[in-house]
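Chains as they are written, first to last, in the numbering used here: chain X, 90 to 411; chain Y, 9 to 335; chain Z, 396 to 701.
It is worth saying that the hints were derived from the structure and are not from the lab. Zero decoy hints are in this set.
Simulated coverage check for chain Z against chain X, where a stretch passes if three residues somewhere in it have a Cβ under 8 Å from a Cβ of chain X:
#, region
1, 533–541
2, 644–650
3, 655–661
Computed cross-link-like contacts, EDC-like style, restricted to lysine to aspartate or glutamate with a CA-CA straight-line distance of at most 20 Å:
#, chain 1, residue 1, chain 2, residue 2
4, Y, Lys232, Y, Glu43
5, Y, Lys148, Y, Asp211
6, X, Lys220, Y, Glu89
7, Y, Lys232, Y, Asp182
8, Y, Lys232, Y, Asp207
9, Y, Lys148, Y, Asp119
10, X, Lys330, X, Glu320
11, X, Lys220, Y, Asp24
12, Y, Lys148, Y, Asp207
13, X, Lys220, X, Glu303
14, Y, Lys87, Y, Asp20
15, Y, Lys87, X, Glu320
16, Z, Lys428, X, Asp226
17, X, Lys220, Y, Asp67
18, Y, Lys87, Y, Asp182
19, X, Lys326, Y, Asp119
20, X, Lys330, Y, Asp119
21, X, Lys330, X, Asp398
22, X, Lys330, Y, Glu162
23, Y, Lys158, Y, Glu142
24, X, Lys220, X, Glu307
25, Y, Lys232, Y, Glu50
26, Y, Lys232, Y, Asp318
27, X, Lys142, X, Asp123
For each label pair, taking beta carbons as the anchor points, the in silico distance ranges come out as:
#, chain 1, residue 1, chain 2, residue 2, range
28, Y, Leu23, Z, Leu599, 40 to 50 Å
29, Y, Arg304, Z, Arg420, 38 to 48 Å
30, X, Pro159, Y, Met108, 50 to 60 Å
Every residue gets a Cβ at the ideal spot worked out from N, C-alpha and C, and that includes glycine.
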Amino acid sequence: MLIRYSLRRLLETIPTLFIISVIVFSLVLLIPGDRVLVMLGYSGGDIADVISKEVYAAMEIRLGVNDPIPLQYARWLGRALQGDLGTSPLHAIPVMDIILARLPATIYLALASIILGTLVAIPLGVAAAVKQNTWVDHLANGVVLFGLVTPGFWVALMLVLLFGVYLGWLPTFGYTAPQDDFVEFLRHITLPTIVLGLDFAANVIRFIRTDFIEQMREDYVRTARAKGLSERLVIWKHIFKNSMLATVTVLGFDISRLMGGSTIIESIFAYPGISFLLLQSIFNRDFATVQGVVIFIALMVVFMNYLADILYALLNPRIRYE
Amino acid sequence: MAILDVQHLTVDFALDDGGTLRAVDDTSFTIDSGEVLGLVGESGSGKSVTALSIMRLLDSQADITAGRILFDGEDLATKSEAEMRTIRGQRISMIFQEPMTSLNPAYTVGDQVSEVFRHHLHMGFGESKQRAIEMFERVKIPRPKDTYGKFPHEFSGGMRQRVMIAIALACGPDLLIADEPTTALDVTIQAQVLSVIQDLQHDMGLALLFISHDLEVVAQMCDKVAVMYGARLMEVGESTSLFTGPRHPYTDGLLRSIPRRGQPLTPIAGTIFDLRSPPDGCRFHPRCPYAEDRCRRETPELRALEPAGDGRLAACHFPLAGVGAKA
Amino acid sequence: MSEAVAVPAPPQLPSSYVAAWRTIRGIIANDRKAQIGAAILAGSIIVAIIGPYIAPHDVEEPNVAIRLTGPTLSNIMGTDHLGRDLFSRIISGLTVSLLVATGAVLIAVVIGVPLGAFAGYQGGWVDTIIMRIMDAIIAMPGRLLAIALVAAVGPSVGALWVAISFSSVPRYARLIRGGVLAQREREYVEAARAIGESSGSTLLRYVLPNAMAPVVVQITLNFPSAITAEASLSFLGLGLVPPTISWGQMLSGAQDYLEVAPWLAIFPGLALTLLIMGFVLLGDALRDHLDPRYHGRRRARKRAAA
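Using the sequences provided together with the hints, build the complete structure.
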């Protein structure tokens, strides 16, 4: 049953993916100038200086700029579906290869932020709900308000100022792969993780707190108390599972926010993930890579949302058999 | 001997606007071991609050401000939360009105029953599962073994209420409180669930506090009846004699408002007062056809009526004659 | 009329625009959070308007003699690498920030509201297609989309407006479509239809007044993300470029002087935070009072007390 549900949900993501691909494809059409030149990374000056006739002709054929737009789109989509996102004129290697090389760094950062955020958010959100109007609740509200009102990139700057400039405890830019030097990896990933993790936590705390307060008023909680269960069991067994079911659904959306926010954070810390790649490519006018990265991240986000849905179905007995 | 002896119970609610509301006022009654007491009254009369007070499961803004709740000789009103937890679900259990929402949707019904065994009797998973399946049999759920692993949403309201009964009776309590257990169910299902409660009450020798606004169901289920109106008890007595010869005008009015063949249906005039500002004197006087000046001034105490010996109590200055009432 | 849609509200007349506004004013009058938020916003708007007249220094005039000095009596927030007064520049940045955000929110409303209404009234495949597109836009990370869009067309105020508003359009479309669907079920609309009222007129007379409260909440909560988006894009060099003054751009420049002039990074960020806080506090308070879930909780408590 779950498999059928998963497949059905997967089919339902197809229209979304289709529309996203149209939007991303259209972005390139918006760039002013000769599209062949744009995709070759050309930005002014004499054409003959930088691009040979052969290269231009090859690109013209690949893009099929003289064909109707829908046909161009279909061709682009067909290649993208086979994992071919074009070639970066700057690096002369397939965009997919560049993305895959940068992907681990982004995944580590996202995972670290989600783990940190969740570790902070769950206990704080639950405690705030259970002990309303106590110092824990005020602390949780403070964290939420802080996360909502402070722009992530400013928090990043302040952390750089504090830990990098004044205290000198942590490196403020760059990256070391975990397999090379795990300690250095942790040192480099700490500051960006704090920024993204706190932002993530703020949303989750708010959601958990509100949901938990509502769950505490449910009849099943009264039943659990009437059984003589300890408050610990009532909260962490009975309410917790119900509240987590609801929370999983928002996690997908929050991960999407996280990916959006990571662009600027990766750039501040010169953290070489795919978001930083996107920015570098924009400044290098490497639009093949820009297009590739955007569609890649969008797909990843849709997939995350899909996973969150499946996870919800897996955990929630009520939806599984529908 | 009375297993439950509620004496002068008074419960106040703190309102958001700073005022208070007395939801239960100076209420006293007893239940003997193996006895069934029906607590009847309109909604808002304080029945459920009385029940939740005994369980000590009142909302945080509610407080037992006076009275004692003697259970097996010990006052529940002064017990600590930890002490209450050893009593709840083990010696006193409760089932609620809403079978659709009273079970936890995220756990199997089997887990929700066996949990009680694990918690109170410290059983392992295997033994508690065995005992839970036995309980499913006792409450007459078909295919008890298959039932164990199913979730609440897979059952109808009647079946869920049986699961609730299984949870409540798992540890063989001395007292069961059933708060409108069948109100939310269809009439046919209602009868089945009532017979399950009745059979188990009899088999286990349970004391049962049966709360309902349905007088016919109460007449059928209960040995003794207590009638509540506006947070106070109006009349208490043996079920059969109380229904045939009510002594309190409110009880009389309640009985007249049940549709019966060959009798005109006469609802009680007026509406229930706002609990925030109860009337002076007898609370029923604004709606009572027999009210006199004294009723407006003096609050009648619940007292034994003549002829002595039949145990009938009523809170009325001018009680009705009983069999073959005035009107 | 369908029994399935439980809508308790009595028929509301066009005067309900006034009523909705009164409700919002009532909330601001009674809620501490809303008051603080409203006060911050009122102050910000006043400063943004009279900014050029109260700024103590010319925002562009360099003064190399006092470059990178910390806060003094004359330059209360210090000076930047050209010796320009930071405080005056922050005031100027406030005007820009509010203008860009207001434009972006306005565009989102002006596109989202009619789109949602159109989808709701048309129904069928038109509705399906429009809402599918809205779903897809919501599924994409908005900030990323904005970056890609501005990167494609090049930085300008217009590009910023479009890029920032793009991802918020679906929120308004969904809200209004929901309102239209609920309203369509209501008896008095049936009656209005019967006497020949157009859907545009029912939209103005019945749907919008009822949807006004959630739209106002949405607008208030849309501002923080629009302000942050503009600052982020400008920070990345994809937004406003000099001579236009933007907080994001100031913060970006501050990175180079973090060690010698930390105030350049601290004050614009504080200004940004304060402005966002104004919207968040007000929006949160409004939502607390207007969100049906809040009323649900109150009811549950009353029931428990009965």
